[in-house]
Each structure stands twice: as structure tokens, then as C-alpha cells.
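These protein sequences, in sequence, are chains A and B.
In terms of the numbering used here, the first sequence is residues 1 to 327.
In terms of the numbering used here, the second sequence is residues 1 to 208.
What the hints contain is simulated information worked out from the structure, not anything from laboratory work.
Do not rely on the hints blindly, as some may be mistaken.
Simulated crosslink set (DSS-like; lysine-lysine; CA at most 25 Å straight-line) [said to hold, decoys possible]:
1. A:K248 <-> B:K4
2. B:K190 <-> A:K199
3. B:K129 <-> A:K199
4. B:K7 <-> B:K129
5. B:K42 <-> A:K218
6. B:K129 <-> A:K249
The model shown is predicted, which means the values in this text are computed figures rather than measured ones.
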Amino acid sequence: MLGLGIESTAHTFSCAIIEKKGKKGKILSDIRKIFRPEAGQGIHPREASRHHIEHSPIVLSECLKEADVSIADLDIISYAAGPGLGPCLRVGAVVARSLSSFYKIPIYPVNHAIGHIELGKLLTGARDPLVLLVSGGHTMLLSFLDKQWRVFGETLDITLGQLLDQFGRSLGFASPCGKNIEELASTSSNYVSLPYSVKGNDVSFSGLLSATKSVSQKSKIDACYSLQETAFAMISETVERALSFTSKKELMIVGGVAANKRLSAMLKDVCKRHGCKFFVVPLQYAGDCGSQICWTGLLESQVKEGVLLKDTFVTQSWRLDSVKVDY
Amino acid sequence: MLVKLIKKGAEADIYTGVWKNYKSIFKIRKIKNYRNASLDSKIRKQRTIKESQILSQVKSFGIPSPLVYFVDLEKTMIVMQEIPGKPVHDLSELKIIQSSKEIGKLVGLLHKNGVMHGDLTTSNFILFKNIIYMIDFGLSQNTIKPEDHAVDLRLIKEILNSAHAKIMQSCWKNFLAGYKSVVGITYQTKIVKLVSDIESRGRYAEVV
């Protein structure tokens with residue numbers, strides 16, 4: 001089976017083609033164009049959607065070319081229907097609908113967050129993991145039970161990605177700022193005490209963000225170092241809580257912040273302590289990409305027909321724990 | 001004297017052993033190498049102190065909990081009474097539903113006396129000889145803020161929803177009935193409202 005997946009939830013517009021044989025999937029192409037706001041600024045939904053509109057034809061044609069596939073060969077088309085920024089989501093949906101209706105190809109709306117998890121499972125081979133989803137849109141601990149992903153813990157306010165981005169922007173970086181902060185952090189080892197807020201299995205980052213901003217006026221590198229140490233220790237603690245509560249033997253980390261090496265190192269240590277296997281999604285597929293949407297659509301096509309064009313919605317707020325998983 | 005590691009918990013290792021001829025639980029918060037050393041030592045010390053204080057405090061509210069025998073701050077270790085029962089988490093579904101009401105009452109007692117537990121999961125209640133004991137006060141705080149009490153309720157709701165999804169509705173109903181019987185309808189209504197407020201602040205919560 002050949003599928004095309006279209007991702008456009010936030011800063012990334014991406015198309016990917018995957019060939020599915022049985023339980024195996026092979027990524028034939030995955031082309032992305034990422035909207036880069038000016039330094040110190042965040043993603044403006046209108047500007048990002050304009051970027052996506054401008055780049056969608058090129059990304060699509062490059063994607064087909066690299067996979068050496070023509071549109072008529074496709075068995076299904078899937079698109080990210082949420083959660084995300086409304087104007088951005090609509091771009092992907094419009095492209096998907098146009099192709100689906102013109103070429104009469106079944107169409108599948110996919111939950112972006114489920115996409116991160118399913119692609120992670122495909123690429124790492126994890127079977128029944130506790131999932132840590134850390135990105136600009138999500139900070140959640142999940143496990144699969146009775147046809148649904150269940151949330152064990154999550155952020156009560158902003159996400160880990162937002163924490164890093166908003167702090168990074170206050171230093172004058174452009175989103176996404178995780179990499180800049182990681183680089184600065186690695187040059188310091190002076191820990192400045194910051195608010196540590198773990199509430200059971202949940203975390204809260206907003207107080208930490210404000211406190212770090214004031215520390216950064218004295219030393220930027222100490223602030224970056226202490227921010228990472230505090231935030232990642234909070235995440236690691238909730239992971240430990242969830243591992244010990246669920247007795248899961250696998251941990252899989254997905255989402256954009258999975259690219260951070262310090263976070264991986266801490267979680268690796270956590271896994272060692274709990275005798276648990278550690279999986280981290282390959283760097284290239286940690287962030288938003290068409291593959292995550294494509295693969296989830298292909299999985300859904302095993303048990304479902306495509307939806308009618310009139311039901312091809314987009315939803316800005318679409319929690320992944322409300323999705324029934326039947327495959 | 002330590003005898004046997006019985007559980008590697010999230011933040012501490014739990015051993016059984018003997019303390020002055022009593023069979024006891026040794027809860028040791030070991031160094032976590034992945035954490036920055038000064039942050040690590042701060043967290044371990046603070047929680048050891050808080051937990052031992054609150055363990056003693058809650059007994060005066062009538063909440064069954066282990067007796068504290070000894071605290072060693074250098075080793076960040078608490079020696080306490082062993083409750084040789086079964087965590088509510090591991091009981092049959094029927095028993096969990098039944099226990100929910102008593103758990104609600106205990107949480108009500110805690111809140112009424114100005115303490116939040118901070119880690120309300122079904123693993124932190126032990127059923128022994130028909131009495132439910134509350135354990136693990138590492139994240140507890142003295143607080144009369146309704147928001148803090150709501151955080152407690154939200155956590156147990158989240159746990160029921162994730163770990164006990166099939167019986168969640170009956171458990172939650174029973175929990176609230178027990179809670180209400182202690183704190184009264186007015187306070188209960190207020191806290192439940194705050195729980196929905198917290199949920200609506202969550203990421204991608206259902207918005208109209």
C-alpha cells in the first residue's frame with residue numbers, strides 16, 4: 001500500500017510517502033519546509049499559513065519525485081486534522097481534499113500527536129511503551145490501554161517546548177530555540193535554584209519560565225543550564241513515577257524535544273534504574289513531519305474506509321486521548 | 001538492619017528490615033546521578049523532612065498511616081511501621097470501587113485539616129485488615145488553598161481514568177460521595193468546579 005501524508009499543524013509543511021507491506025513501513029520520501037519567524041518572535045499563525053500555501057506545491061512535487069511515485073499510484077491520502085494552529089491546519093487539509101476529490105483517492109484525517117507515537121513505534125520497534133511526548137504542542141506521559149492512549153501525566157500549563165522557546169525568544173533567539181539553549185547550557189555547570197513544580201504525575205512550567213527569565217539577567221549560560229536541569233529533572237521524576245506505577249518495561253520518547261541530548265541522557269539513567277528499555281525516535285523524525293501522518297493513516301486504513309469529503313474536518317483542540325484506536 | 005529491597009519506587013527505594021525488634025519499612029531516597037547534585041540533595045532532604053512530619057501529623061486527624069520510628073537526614077531515610085496489606089491498585093475491580101468511598105473520606109479528612117497529599121494514586125492506599133492506610137507523603141504540603149486541594153482530586157481522577165479506565169465512573173462517584181461526607185456539599189462543589197478549571201487550562205482541552 002502506498003500512502004501520502006500531509007503535515008501542517010504548526011511551523012512545518014511536509015509531505016511524505018510511505019510504502020506499507022504487512023506490518024512494515026518504508027519511508028520513500030519525506031520533504032519539509034519549515035517556517036522560520038524572525039529572531040525573538042514566535043510562530044504567527046497567519047504568516048505560517050502563508051508560508052505553507054507558498055511552499056505546498058513544491059513540497060508535494062519534490063516528495064512525489066523523490067519517491068518516484070505518481071499521484072495516481074497512491075492508495076490513500078492522510079492529513080493532520082489537529083491539534084494545531086487553525087490557519088496552518090487548513091492548508092494541509094485543502095491540499096489533501098483537492099487531491100482526494102480530483103484523483104478519487106480515499107482520505108483520512110489523522111491526529112498529529114498519535115502520529116508522533118505511531119511513527120516512533122515504527123522506527124524504534126517499541127511494542128508496549130510508556131510514551132513521553134515532548135514538543136512545542138505537547139508534554140504528556142501516555143500508555144495504551146483498552147483501545148485508547150491514556151494520559152498518566154501532563155503539563156498543567158505550558159509545554160516543555162514552549163518553555164524552551166519562550167525563554168529562548170527572551171534571549172533573542174528564533175523559535176525553535178531548543179538547540180541554542182542546549183548549546184549555551186553545555187558551557188555552564190553553575191546551578192541556580194529555580195522553582196521545581198511536580199504535582200503528582202503532572203508538571204507545571206510557567207513559574208519556572210518567569211524565574212529563569214530573571215536569572216538570565218545575571219548570567220545567560222547559568223540560566224540555560226539551570227533551566228534545563230530543573231525542567232528535565234521534573235520530567236524525569238514524572239517518568240519514574242509513571243514507570244513505577246505502570247510497571248512498563250519500555251520507555252519511548254517522541255516529539256521535537258526528544259532531540260535534546262541532555263534530556264535523553266537523564267532518561268537513559270532513569271531507565272537503567274528501572275530495568276527498562278529506552279527508545280528515542282531518530283533525530284530526523286523527532287520533529288513534525290509528513291511521515292508521522294502518513295503512517296498513522298496507513299494503519300487506520302487497515303480497519304477503516306476513508307471519510308467522506310464533507311467530514312474532512314480540522315480541529316485546533318483535539319486531544320489524543322479522545323481518539324479510539326482500532327488497528 | 002535492612003533485609004530486602006521490595007520496591008524501587010519513583011523517588012525512593014523501599015526495603016523491609018528490622019528496627020529495634022520491629023519489622024519495619026526503610027524508605028531511602030537515594031542519590032540520583034542524572035540530577036544536578038545540589039538540586040538532587042535539596043529535593044531529597046526537603047521531602048524526607050516533609051514526609052516524616054506529615055506522617056505523624058495526619059494520625060491526629062484520624063487518618064490511618066504508618067508510625068515513624070526513625071529519621072536519618074544524612075542518609076535521607078525514614079524508618080516506619082510496615083503495613084503488610086495490599087495496595088488498592090492491585091485489588092479486584094469490585095474492591096477498588098468499594099474502597100473509593102473510604103479513600104474519598106480520608107482525602108476529605110486530610111483537606112479539612114489543611115494538608116494536601118500531592119501524589120494521590122491507588123498505589124498509595126493500602127488495604128490491611130479492612131482498614132485503608134494512606135502512605136507516601138513525599139509531595140505533601142500544609143495548605144488550605146482550595147486550588148491545592150483541587151490538584152489532589154484532579155490527580156486521582158487522572159489515575160482512575162488512565163489505570164482503571166473501565167471502572168472509572170463508579171470509582172469517581174464513590175470517591176466524591178466519601179469526600180463530600182467529610183467536607184460538606186458546599187466545599188465539595190467548589191473543589192469539583194476548580195478541578196474542571198484546572199482541566200480546562202490543560203493543553204487542547206475541549207474548548208467551545
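Mind listing which of the numbered hints don't hold for this structure, in increasing order?
When the structure is compared with the hints, numbers 3 and 6 turn out to be violated.
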